[in-house]
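Protein sequence lines correspond, in order, to chains Z and V. The first sequence begins at 66 in the working numbering and counts up one residue at a time. The second sequence begins at 19 in the working numbering and counts up one residue at a time.
Keep in mind the hints are simulated off the structure, nothing from the lab. Hints may contain errors.
Okay, derived cross-link-like pairs now, EDC-like style, lysine to aspartate or glutamate, Cα gap no bigger than 16 Å in a straight line [unchecked claim]:
id, chain 1, residue 1, chain 2, residue 2
1, Z, Lys152, V, Asp149
2, Z, Lys152, V, Glu174
3, V, Lys429, V, Asp149
4, Z, Lys152, Z, Asp184
5, Z, Lys152, V, Asp306
Over the 12 Å line for every Cβ pair with chain V, so calculated as not near, a few chain Z residues [to be verified]:
id, residue
6, Ile98
7, Arg241
8, Ile259
9, Asp271
10, Asn286
Sample of chain Z residues lacking proximity to chain V, with all beta carbon distances greater than 10 Å (derived) [what the hints assert, rightly or not]:
id, residue
11, Gly95
12, Lys100
13, Val135
14, Leu178
15, Arg210
16, Ala261
17, His290
18, Arg298
19, Ala302
20, His314
21, Pro322
We put the CB at the ideal spot given by N, CA and C, even for glycine.
Here is what each chain is made of, one letter per residue.
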Amino acid sequence: MNHLLSIDDLDRAGIERILDRAASFAEVAGREIKKVPALRGRTVVNLFYEASTRTSSSFELAAKRLSADVVSVRAATSSVTKGESLKDTIQTLTAYDPAAIVIRSPHAGAAQLVARWTDAAVVNAGDGKHEHPTQALLDVYTLRRRLGALDGKRIWIVGDVLHSRVARSNILAFARMGAEVTVSGPPTLIPRGIEALGCQVAATLDRLPEADVVYVLRMQNERMHEAYVPSLREYAARYQVNAARLQPHQLLMHPGPVNRGVELSADAIDSPQALIAQQVEAGVVVRMAVLYELLAGGPAGAAEAAAVEAPEAVATA
Amino acid sequence: MSAQRLFHAPGEPAELLLRGVHALDPRSDLDGPHDVLVRDGRVAEIGAPGSLPAPDGADVVDGEGLHLFPAFFDPHVHLRTPGQEHKETLATGTAAAAAGGYCGIVAMPNTSPTLDDAPGLQALCAQAERDAKVPVGFMPAITRGLAGADLTEMAELRDAGALGFTDDGRPLVSAGMLRRALQYQRLCGGVIALHEEDPTLSGQGVMHEGAVSARLGLTGIPSISESTMVARDSAIAAYESGRVHFQHLSCVESVAALAAWKAAGAQVSGEASPHHLTLTDEAVRSLDSRFKMNPPLRTEADRQALIAGLRDGTIECVATDHAPHARHEKEVPFEEAPMGVTGLETAFPVIYTDLVVPGVLPLALVVERMTAGAALLDLAPPRIAVGEPANLALLDLAADWEVGARGYASKSENSCFEGRTLRGVVRLTIAAGTVVHRAPVEVAA
Numbered sequence: 066m067n068h069l070l071s072i073d074d075l076d077r078a079g080i081e082r083i084l085d086r087a088a089s090f091a092e093v094a095g096r097e098i099k100k101v102p103a104l105r106g107r108t109v110v111n112l113f114y115e116a117s118t119r120t121s122s123s124f125e126l127a128a129k130r131l132s133a134d135v136v137s138v139r140a141a142t143s144s145v146t147k148g149e150s151l152k153d154t155i156q157t158l159t160a161y162d163p164a165a166i167v168i169r170s171p172h173a174g175a176a177q178l179v180a181r182w183t184d185a186a187v188v189n190a191g192d193g194k195h196e197h198p199t200q201a202l203l204d205v206y207t208l209r210r211r212l213g214a215l216d217g218k219r220i221w222i223v224g225d226v227l228h229s230r231v232a233r234s235n236i237l238a239f240a241r242m243g244a245e246v247t248v249s250g251p252p253t254l255i256p257r258g259i260e261a262l263g264c265q266v267a268a269t270l271d272r273l274p275e276a277d278v279v280y281v282l283r284m285q286n287e288r289m290h291e292a293y294v295p296s297l298r299e300y301a302a303r304y305q306v307n308a309a310r311l312q313p314h315q316l317l318m319h320p321g322p323v324n325r326g327v328e329l330s331a332d333a334i335d336s337p338q339a340l341i342a343q344q345v346e347a348g349v350v351v352r353m354a355v356l357y358e359l360l361a362g363g364p365a366g367a368a369e370a371a372a373v374e375a376p377e378a379v380a381t382a
Numbered sequence: 019m020s021a022q023r024l025f026h027a028p029g030e031p032a033e034l035l036l037r038g039v040h041a042l043d044p045r046s047d048l049d050g051p052h053d054v055l056v057r058d059g060r061v062a063e064i065g066a067p068g069s070l071p072a073p074d075g076a077d078v079v080d081g082e083g084l085h086l087f088p089a090f091f092d093p094h095v096h097l098r099t100p101g102q103e104h105k106e107t108l109a110t111g112t113a114a115a116a117a118g119g120y121c122g123i124v125a126m127p128n129t130s131p132t133l134d135d136a137p138g139l140q141a142l143c144a145q146a147e148r149d150a151k152v153p154v155g156f157m158p159a160i161t162r163g164l165a166g167a168d169l170t171e172m173a174e175l176r177d178a179g180a181l182g183f184t185d186d187g188r189p190l191v192s193a194g195m196l197r198r199a200l201q202y203q204r205l206c207g208g209v210i211a212l213h214e215e216d217p218t219l220s221g222q223g224v225m226h227e228g229a230v231s232a233r234l235g236l237t238g239i240p241s242i243s244e245s246t247m248v249a250r251d252s253a254i255a256a257y258e259s260g261r262v263h264f265q266h267l268s269c270v271e272s273v274a275a276l277a278a279w280k281a282a283g284a285q286v287s288g289e290a291s292p293h294h295l296t297l298t299d300e301a302v303r304s305l306d307s308r309f310k311m312n313p314p315l316r317t318e319a320d321r322q323a324l325i326a327g328l329r330d331g332t333i334e335c336v337a338t339d340h341a342p343h344a345r346h347e348k349e350v351p352f353e354e355a356p357m358g359v360t361g362l363e364t365a366f367p368v369i370y371t372d373l374v375v376p377g378v379l380p381l382a383l384v385v386e387r388m389t390a391g392a393a394l395l396d397l398a399p400p401r402i403a404v405g406e407p408a409n410l411a412l413l414d415l416a417a418d419w420e421v422g423a424r425g426y427a428s429k430s431e432n433s434c435f436e437g438r439t440l441r442g443v444v445r446l447t448i449a450a451g452t453v454v455h456r457a458p459v460e461v462a463a
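Same shape as in the complex, but just chain V (with noise of 0.2 Å):
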């Protein structure tokens, strides 16, 4: 089966030197001074510092004082389109990747109407293909308009392009119905990505149940509504030697479960968000609803369990969740707000800012599960070599930003970094061989 799974507005190959960066590409066992040579979309040339000349016509960068590396790959993000452009169109939220530095990002079906059939995802993709600066995949639904009853035409869905299938915004609370999609999966391929939640123990819950929402007065949503669940279909997916994939992990519960199920044996595999890697159920003691997500912020020790998750490659990738929402929907009380908080500008920089900078995580491993989720996927995971499509983030690593202060790519400003102060701004990006993002340039200092 070779559809093709990406889709991206066609752009100008780059032609480009980037001269004096550093370089670092774990899967290329780079990390140091190199000159950079792309030509025609592609990794041309690496070389010493200084060692390349810069071929006619080419954009040379300085980039002394500046690291490049294989530009970041996010499994889970929500585009609105169809049905919600008001949140978040192809373009912006591309735009949006593009100015986080990512080369490839993957759309989430629950959309109006739900994605859910081969036309839908055709007419997406060709949407794609005029809108999309940076390279998207769609995951189609598990469930017909996600209501976990029937299965979707997965095998035509596949043929039609679909990365995986994923029922996200809802759990798929039926374990009957996992398994006949796991079961499925063996006929057409195609990761099934989970959204773990028990709705009869998360119920009307809003924040992370604890001493936080007890003192507020909200619902909470137990740490059990997910680890259960994730105990539950990792069970499933090793019985039918199936491959599951679990979505914006978020306790320590879950994170022991998913090691436990790896260990013996299973094919499952975990993300984690920036926003779960960095903040905690304290942040909704302000009731801003700007830190309303699902799954919810936790404690302390559930976020030490996410980076633990991360360091040891239980969780094998970052995922933003990047979830716009309109501000007159955002700006109401925190009950009554939409789930979800936008990620993909800040990604890179808060977990940088937030775990690298403190030496909590060191840097190439944060580069490397930034861009993991390509793999998880099937696809081939950005590097930096030879021969291979150009997809780069160039950042300053010195610089600090404050974010929302010029605004944001994303047709949304639902951050809940908004006014954080954050080290390492994205100079360049270059996805699929494109230069998409290039910052207004009063580069490296």
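With the rest of the complex left out, here is chain Z (with noise of 0.2 Å):
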């Protein structure tokens, strides 16, 4: 694998390799020195056209603790806003002969385009409303530690799947681990043939106690003047998954930022049973894991596996 765009890039054994990667580095990031010396030398590029908190802030620590040399641009601080093209911009970063570039970008392809354009390795780190595929490999990660295997779990997206990459790659790995994907929202929030991505369509949360994980999208406040919904508290009426609508044998899920009294209540937020800050604790090992597979990973990267799993090493190297 020299790219990670999608979570086609992936079969079901990849996705376990990455997983059981990111859990290794989880036990690193227990110790008191949280870095191994995988990259070092090398340089990441997180190129990020769009805001984010969580993603870019975990794909810059993940990069700092495998040792790599991390820049991060942000669209509205780079020459972006002087109109350079992304294909400029590229070959202008490109010069500093990354390892890697982590993209985020606000259309569909954006990191597709990116890989043909540069020898470094590009992560998708988000695409339009197209992939996401590093937030579904933490959310991946995150319901194998809690429930063993995917396969057979039936897990319920609810919510605006029409404007969710979130929910296209999470369909997408959710099926490949062997779960049963439904999603469900307000039928002008349900794309047109989005079942032959491998999942059932429900219009309400009637069924929704049969699911074993329930996991919520983001209902952001445009979609409501774009009239996708008459009102939010119509919308909250129908799909907010609160502690009355939630079983107690069911996990809750969200990706975040959450909308607190939207598409969550506060009790369901709070809740023992949801899995949102574990979700935010995955995002380092798991993006660490998945810059190891395409920078460090195969045979050339044996020697410093060695070091995972032997980090005292690093402190006297």
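Got two chains here, each in a separate frame; can you build the complex from them with the hints?
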């Protein structure tokens, strides 16, 4: 694997390999010195064309914990605002000889284009409404830790599926790991033809109690102005996941940031069933594993892999 | 009204003997080996193969194994002039037409400024008389600035040479405005060509709405955004006894609506593009912006409906919607890229390769549909017949070529067939009596 652009780049074994490595990095994260030397001397560029807190900070931290040099470029503060094209920006950044470029873009396929224009490994950190593969990986990681395997688990993805790259990557990843996925939300926010991704569609939450996992999507305020829903009040009345709708056996997830009182009620967010904090925590180790897989995986990476097992060596190096 | 409707730079009249070609022209009931003599830019004689002597000074082309068709006519291209000459000019656009075997093309008015008044049209016609290798007709806008609010001076534009009228690039949203234009058509003639799209349904869509758009997270353009407008505007045309032509039809529902209104007696016609006839939205999975056009590539069922419509005549003609864009404009994420693909240089070869070779459509029918656009615009269709101006395309249907391998005659390279090996090479094009294209000859191996 040269790039991670889509969940389709990974088969089940590939997902498991990355998540197993993430688990080994989680051990490192518990130690006093959290760094491994795997990417020492190599450069990772984070290029973010959209606001992001958790994705950009966790990619940055992941690269640093692998001892890479990190350059973070924000669209707002770069020459992007001066009208430079994506291609020109990539050519400029390529002059720094990055080992990896992590890109977040408001446009589907941006990461794919970048991969065509650079020799660096490219990681899609979210492209338009298309995909967000590392989010899906960290969600699978979080669930695996809690449930063991996802085989036969029923996962409901609730909310604005139409505008959600998280929904698309997660439907694919959950299904690939053996789960049965159902999406539910206002019919105006369920894209026609979504079943082709390998999920079922439910117009109401009536059957929600059958779910093992309830994965709630962010409901963006602007959707109301675009007349997808008549009001957030009406949305919440029908689709908000709250303590009354959540069954005791169910796990609750959300990619963040949460609109309290819209897609989730406060009591649901703060319930022990919620895995939201664990998802954020998983972000760093899973992104470490992705960068490791792309840059140090395979035979050449075996030596560094040993260092993961013996992090003490780093301290003395 | 006998205003000139097609404009091109004067060229040298061809003196040519095409020896032993397989001449195929359904309108002339011609389908077999012949000698065809062109003198002073006209078809002078058609005889048995090897029967015609070469006159002094005539160029003799060994046509053994080659096919001679009436040259093609494209009622729908974008030449980007004036205002966007970095994409295409009259010279490069007509060179692309010549390379594709065309003897006539019709330019759309979505230029900058919009082609919407007589002085603008006269200037463009004069420019075509200097720069155009192949005859070009112009369709000015129905409404000023393509804004959909005020009619252009249609009668004056017709006198200045307008072939017809269109707001192509944009739909004519207002039903009332179309009705006014059709009422005015009774005064000035000229077909009204329509890009059908209800913007309240197509919204910010960038591709066909369906399983592929759901997968890619791209906003969809539903088929009904086109077909409801085809049905609406057919009803208006019938009511006003007007004549409308539907551009670049893309979906099964539109073909059905067109067929129903034709059966009801409405004066409606339709065109389909080579890309809609041969590709589907599956191609967009690549997120390659060369597959972004409006209307979008749709499903296999839609493609089959277009083929069936072309076969049974519901759709009268093939039109490329040749829409050049500069490389840097297309080298952006899919959603950001402008709509449109080039088509003049690949139209016949792609239809031949994907539809004729596999036996989906007969060759004679394809030749008829690729020349029928002229008649829809009240022009004489190109023919292989004695006394007619020479509008001829000589093709090698046994030769393969790779699209883009030798570049393009067009100024732009946004072909959705780039890299494909196609069968059918245009060896020679004669347009309005002049040789306008001759392939580097390593003719007929």
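These are the hints, each one checked on the structure:
1. Lys152(Z) to Asp149(V): violated, 34 Å
2. Lys152(Z) to Glu174(V): violated, 47 Å
3. Lys429(V) to Asp149(V): holds, 14 Å
4. Lys152(Z) to Asp184(Z): holds, 13 Å
5. Lys152(Z) to Asp306(V): Since the Cα atoms of Lys152(Z) and Asp306(V) sit roughly 14 Å apart, the hinted pair holds (cutoff 16 Å).
6. Ile98: holds, 40 Å
7. Arg241: Holds, because the least Cβ-Cβ distance between Arg241(Z) and chain V comes to about 14 Å, which exceeds 12 Å.
8. Ile259: Given that some Cβ of chain V is not farther than 12 Å from that of Ile259(Z), nearest at about 4 Å, it is violated.
9. Asp271: holds, 23 Å
10. Asn286: holds, 18 Å
11. Gly95: holds, 37 Å
12. Lys100: holds, 35 Å
13. Val135: Label holds. Min Cβ-Cβ 24 Å, cutoff 10 Å.
14. Leu178: The claim breaks: Leu178(Z) does not keep its Cβ more than 10 Å from every Cβ of chain V (closest is about 6 Å).
15. Arg210: holds, 28 Å
16. Ala261: violated, 4 Å
17. His290: holds, 14 Å
18. Arg298: holds, 25 Å
19. Ala302: Fine: 26 Å to the nearest Cβ keeps Ala302(Z) off the interface.
20. His314: Per Cβ check, His314(Z) is outside 10 Å of chain V; nearest 31 Å; holds.
21. Pro322: Per Cβ check, Pro322(Z) is outside 10 Å of chain V; nearest 20 Å; holds.
Violation of the numbered hints given earlier is confined to hints 1, 2, 8, 14, 16; the remaining hints are satisfied by the structure.
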